[in-house]
Structure formats: structure tokens, C-alpha cells
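Colleague: With chain A's structure known, arrange chain B on it following the hints.
Residue numbers (our numbering), protein chains in the order written: chain A, 1 to 596; chain B, 1001 to 1123.
Calculated directly from the structure, the hints in this document are not laboratory data.
Hints may contain errors.
[To be verified] Simulated crosslink set (DMTMM-like; lysine to aspartate or glutamate; CA at most 20 Å straight-line):
1) B:Lys1002 with A:Asp131
2) A:Lys529 with A:Asp433
3) A:Lys83 with A:Asp71
4) B:Lys1008 with A:Asp131
5) A:Lys43 with B:Glu1022
6) A:Lys31 with A:Glu79
7) A:Lys261 with B:Glu1022
8) B:Lys1088 with B:Glu1101
9) A:Lys144 with A:Glu128
10) A:Lys103 with B:Glu1005
11) A:Lys112 with B:Glu1022
12) B:Lys1088 with A:Glu61
13) A:Lys596 with A:Asp440
14) A:Lys83 with B:Glu1080
15) B:Lys1002 with A:Asp269
16) A:Lys115 with B:Glu1022
17) A:Lys144 with B:Glu1080
18) A:Lys261 with B:Glu1101
19) B:Lys1060 with A:Asp137
20) A:Lys103 with B:Asp1061
21) B:Lys1015 with A:Asp131
22) B:Lys1013 with A:Asp433
23) A:Lys549 with A:Asp586
24) A:Lys88 with A:Asp71
25) A:Lys43 with A:Glu24
26) A:Lys261 with A:Glu273
27) B:Lys1013 with A:Asp269
28) B:Lys1002 with A:Asp251
29) B:Lys1013 with A:Asp586
30) B:Lys1013 with A:Glu128
31) A:Lys144 with B:Asp1012
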Amino acid sequence: MYRSQVLICGGTGCTSSHSLKIIEAMEAEIKAAGLENDVNVVKTGCFGLCALGPIMIVYPEGCFYSMVTVDDVKEIVQEHLLKGRIVKRLLFKETFTESNDVKSLNETDFYKHQKRVALRNCGVINPEVIDEYIAMDGYQALGKVLTEMKPEDVIQTILDSGLRGRGGGGFPTGLKWKLAAGNAADQKYVCCNADEGDPGAFMDRSVLEGDPHVVLEAMAIAGYAIGATQGYIYVRAEYPIAVERLQIAIDQAHEYGLLGKNIFDTGFDFDIELRLGAGAFVCGEETALMTSIEGNRGEPRPRPPYPAVKGLFNKPTILNNVETSANIPQIILNGADWFASMGTEKSKGTKVFALGGKIEHTGLVEVPMGTTLRTVIEDIGGGIPNGKKFKAAQTGGPSGGCIPAEHFDIPIDYDNLISIGSMMGSGGLIVMDEDTCMVDIAKFFLEFTVDESCGKCTPCRVGTKRLLEILDKITKGNGTLEDIDKMEELCYYIKENALCGLGQTAPNPVLSTLKFFRDEYVAHVVDKKCPAGVCKSLTQYVIDDEKCKKCSLCTRVCPVGAIQGTVKNPHHIDQSKCIKCGACADACKFKAIVKK
Amino acid sequence: MKSLEELKAIRDKAKSAINVREESDAGTRIVVGMATCGIAAGARPVLNAFAEEVNRRGLKDVMVTQTGCIGICQYEPVVEVYVPGQEKVTYVKMTREKVAEVITEHIVNGRPVTAYTIGAYQN
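Here chain A stands alone, though its shape is the one from the complex (with noise of 0.2 Å):
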């Protein structure tokens, strides 16, 4: 019996920011103090703040610490869990009002706005112990579907609540395993699909890392619902953290019997095993997935016919994401109901986000469906850092598009965001400022695509490709205003003869910043100027004569010896040498070079 114990972030965020170190520092001060028998130190999933990390919350007092280094574990020990006094000044500066009290985190305002659902116990359970994830009413669920449910049943309630896949299509899941179960075959498939691959998207590897099992028990319900015996989860190995505590929580499972032959005593069995993918985006589309799966190279092929009735190795398979999956239990304990009474009309329950870009609170949140973004960005995730202006915000990575502020207190669900020309993707929600140059994030989701295109379509491996193209020239200064009808209409092309998911969306970033940034576009080809001074070759780099004191700095940090002029006599910077890097406008203490 532990009167007190310490929980640390072991997710990918504080893990590479030291605090695996902290916990061994930990363990050993503890053990220095004499309180091993009193103090328990636990490694948990991610606790969203991830800009705060490496995090640590201390409990019965609920303190929450953020930033901590190896150098504070000693007087964390020696004050706060030998004396009872809480160290103040590392404290998240949220949880701390001016009368010196300690609020509650669930009080600040990144976690009030939230909802928990598919996170619930990431931060809070140790992830490599099934008994911690079994105290919170873990595999509850899986022995009510086995020993009270018939099948049926257990689609009907995924039906009914209004469950949609979380990894971006925003398809009904309770369908696809109805789906499924109507087809008869001696052997039918559940999968995983772990394979996220959105740059600036964690939210599914944030799941795997924090809270293993739930996947699995979801898949053994799906199981049970479909009639189906093994599955598999394709995880990408760039995951360590996920893949490693993945496979211990299968081999847990296996010990308690709830994986295997004859789960509960009712004659169920079911199996998972785990498929590492190389990191190629396109396997996150599910007819590349499986074929991934039978051993041959990632590639998608027409659909139909449908996973559900020819999928993996040609039998009716349901492939599932990460964050769906992690519903599924809270359904079935809690009815189909309460997850409905969650979220729009439409779009039931909650959604994840992982936030990134220029916002203050760098994370994962969950909230319910039909928040808006003003509330996801300004109130939980802090605003955007340096008093700059919003300008868009980017959700559905290589696939969606860019939000303006003008649609900032739109509520976020799937239709919502379909009819502004973006989509909810699986997550990713990346914050771009005014400092940010849409033709450029264009370009850069470009280049993702045309690097992972498979090239088994042409519209997709040439259309991306020449797309990219005219990009680059608009950037460069060389666009034309034809260019950019041409670049449109090819945009349509591929998005209407592309084989999968991935080709079919990857124009979507061009269109949805020419439907709300085309005057950034015009700028780029007409005054041959980057608005917001990004894009190089349309910016120079100029020393305003009258504010220069003359003082040589700037010729000194230049790394291509591009300024000219010696201390007193003026300056110059010489346009052909220079590479844009700034740093002599960093340098200057007078402000005297300006980006024009």
C-alpha cells in the first residue's frame, strides 16, 4: 500500500526529452529517503501537455509538474514527498492561482474543455501492467459481449451509437462489421490499422503508447461480432514505444486467458498478432494495408470489391483505426446512448486532436464532436505564441485542407469540415500564423505526397508531380496567372481518376488554399511577392540606411560573407550572394535590416 505515487510520462514527447532518466533518478532518491515502501513511482501513457514535458504528477496532492530535469528530482523528494511541502516553482503556472492554492488540473484550461473518452487512462494507468488497466474496468466489456451479448447485439449497439471511424473517412463503424458478419467464410479477419502516418499527427501512437490493451480489446469484441478468430495490427515501426508495449500487452493477455483458446469460458477464441509497416504512407489506406499484410509490397487496388467481403487473404475483414477501436469498450459498458448523447447530430462522441504548429500548448486533446476551433485552439490550446495573429489551421494532413479564420467558430465535425473543403483526417491540427505562407504549406504537403505516391496510378504519380512543378515556379517567382488555372484544373483531375484514397485527396491542400488564399497565389505570380515572407527567392534581405549605427556586426555573422562595409562606413548586402538566412537581421541590435 503506496501512500503516494508519482506518475511520469514515459510517451515518445517527455520519453525524448530524459524521462526515462527521471524515473530511474527517481527510484533511487526514493530509495536514498527511505520511502520505497511508501512512494510508488509509475510510467504512464501521454498526458497531452506535451510542450510542458517531461510532466510528472504527483498524487494524493495532484501536483502537477512540468518541465522537470533530472537536477529536481532531489528536493522534489526532499520537500514534497518527505515534507509535504509542494515545490512550487515548477508547477504547470496554471495550476497555481496568486493566493498561493494548488487547483486541480481538470481546473485549467487546457484539461476543462476536454473530454475523455479514447484517452481515459493514458496518463493515468501504467501501460505495461494489465492489472492497472483491468482496475479501470478493462475487459469488462470484452466478458459482457461474450457472456450476455449475442453477436447481433453487439453490432446493433456500435450501430446505434453513432460510432464513426476515427482515422479519417468517417465511415460508420457499426456498418462495416455488419457488413462483415453477413458474410459467410471459415475464416474472417479483424485489423488494426496503427499506421499514422499525417505529419504532425500522434494521437493513435499517443493510444498504443498509453493504453495497449484497449486495442486489444476492441479487436477481440469485433471478433466476437463478425465471427472472426485472429487479427492483426499493422503498426509502424518507427513506433518503438507502441510496437514494445503492444507486444506486452498481448503477451499479458495471453497470460490471463484473455487471448487465446476458450476466452471466458465460452468457447470464443481469438488471436492478435502484431505487423510492423516500413513507415510508407500509403499503407495507411486499407487495400494497401492488407496487402502489406500478406507479405507483398504496399500497394491499394480498386475497391470494390470491399475489405468486408473479399479483405485479407481474399476473406471478409474489418479494418479498424486506433482511436475507433478505442471507443469500443466505453460503448458496450456504457450503452450506445450515453456515447450518442456526445458530440453533433451526425457526428457522435469525441475526437482527438494532436496540436502542433505555432499554438502555446503544443498536444493532444480530446474534446467532444461540434466544439468549435475557436475553443480547441484559443482556450485549451493556449493561442497562438508571440501575441501573432491566427491565419488558418491545417486538419487532415497531406488529405485536408486549410481552415481561415473566417470559419474559426465553426463547430468541428465531418460534415462541417467537408463542406469548407478540408476534412477531419485523423487528427492532425496543425496552427499556422501570420508569419506563414499558405503557397508554401501547399508545397510542402506536395512534396509529402509526390515522395509517398506508390506510383501505381498515373494520375497520382505524374499528376502530383507536375502539380509540385508549377508550385515550385509560382514560389520561385516564375508563375504565371495560367499556372494557376492549369494547376486547378489538373487538381480536379487527380482527384477524380486517382485509385485511392491517398491520390484522390492529395490536391485537396492546393484547393482549400486557392478557395480561401488566392490573393496570396496572385501575390506570389502578379507582384512577384511572398506576402508573409517566406518563400526565399521573393524576398530580400535590406539595410535601412538611416536606423544603421554602422558597428560591422551584421558583416561579421553573415556565413556567406555577403554584407559589405566596415565600422563606420555604410553598409551593403549583395543580393547575389546572399542566402536569405537572417541571421544578420537576429544580429542587428537596431533593427536596421528589414525582409522586404
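Modeller: Showing chain B alone in chain A's frame:
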């Protein structure tokens, strides 16, 4: 795993080990003085005994925590009990043995054990 009962048994056992991680809202707080004086007088076993007893009885919304020196070092170990809406009760010269009684009488039945309070010692 052969039955739901078996799973529930594991759950109940594991649950008590992680109870402390739940944020108890504005419930009763048992605060043990854990400055040098308190620790020297034996506050640590008292703190642990409180934590164990609360857990054994499965008391929800009771938080066992610690504080520094409150200035009456001669009476250590000092334990303060805050029940919402009631005046604070200060127990002094606490021992492991007194803990079960304080929990039963005060926390569960709502009758402070006056014999152990500071008032009893000062009079």
C-alpha cells in the same frame, strides 16, 4: 480467464492500488505534519497507517496528505482533519494505534475523538 467473477476480483484488488490517483473533489482531508519535528516524533508510520486504513475501508473522497511544521513541535506528530463545512480538528501526539479509532469515530461516524485533540492536552 474463466469467468467474469474472476476478472472482477482482479479489478477490485487492482483498483485499491491505484485509488490514490483519482482526484477527490473537496472531500475530507487528513493532513499529517511532516516537517523534521514531525518525522522525528514518528509521523511517517502515522501517515502510512492513515493511508492504509482509508484504503482498507474503501473510503472515497478522503485524501491523506502531508504538510510542514505548524509550530507546535512539542505536540508532534500532529494530524489535522478537515471535514467540509466543519471546523478543523487537530489531533496531537498521534500514534499508529490511535489511527483506526480516529477513522472509525471521526471520519466514518462523524464524532471527533476529543481525547486525542489538542484541547484535551492543553487543559
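Colleague: If a hint holds in the structure, say so; if it does not, say that too.
Modeller: Structure-based check of each hint:
no. : hint                     : verdict
1   : B:Lys1002 with A:Asp131  : holds (16 Å)
2   : A:Lys529 with A:Asp433   : holds (18 Å)
3   : A:Lys83 with A:Asp71     : holds (18 Å)
4   : B:Lys1008 with A:Asp131  : holds (11 Å)
5   : A:Lys43 with B:Glu1022   : holds (16 Å)
6   : A:Lys31 with A:Glu79     : holds (15 Å)
7   : A:Lys261 with B:Glu1022  : violated (35 Å)
8   : B:Lys1088 with B:Glu1101 : holds (18 Å)
9   : A:Lys144 with A:Glu128   : violated (24 Å)
10  : A:Lys103 with B:Glu1005  : violated (39 Å)
11  : A:Lys112 with B:Glu1022  : holds (16 Å)
12  : B:Lys1088 with A:Glu61   : holds (19 Å)
13  : A:Lys596 with A:Asp440   : holds (17 Å)
14  : A:Lys83 with B:Glu1080   : holds (15 Å)
15  : B:Lys1002 with A:Asp269  : holds (13 Å)
16  : A:Lys115 with B:Glu1022  : holds (16 Å)
17  : A:Lys144 with B:Glu1080  : violated (44 Å)
18  : A:Lys261 with B:Glu1101  : violated (50 Å)
19  : B:Lys1060 with A:Asp137  : holds (17 Å)
20  : A:Lys103 with B:Asp1061  : holds (16 Å)
21  : B:Lys1015 with A:Asp131  : holds (8 Å)
22  : B:Lys1013 with A:Asp433  : violated (50 Å)
23  : A:Lys549 with A:Asp586   : holds (15 Å)
24  : A:Lys88 with A:Asp71     : holds (15 Å)
25  : A:Lys43 with A:Glu24     : holds (11 Å)
26  : A:Lys261 with A:Glu273   : holds (14 Å)
27  : B:Lys1013 with A:Asp269  : violated (27 Å)
28  : B:Lys1002 with A:Asp251  : holds (17 Å)
29  : B:Lys1013 with A:Asp586  : violated (60 Å)
30  : B:Lys1013 with A:Glu128  : holds (17 Å)
31  : A:Lys144 with B:Asp1012  : holds (17 Å)
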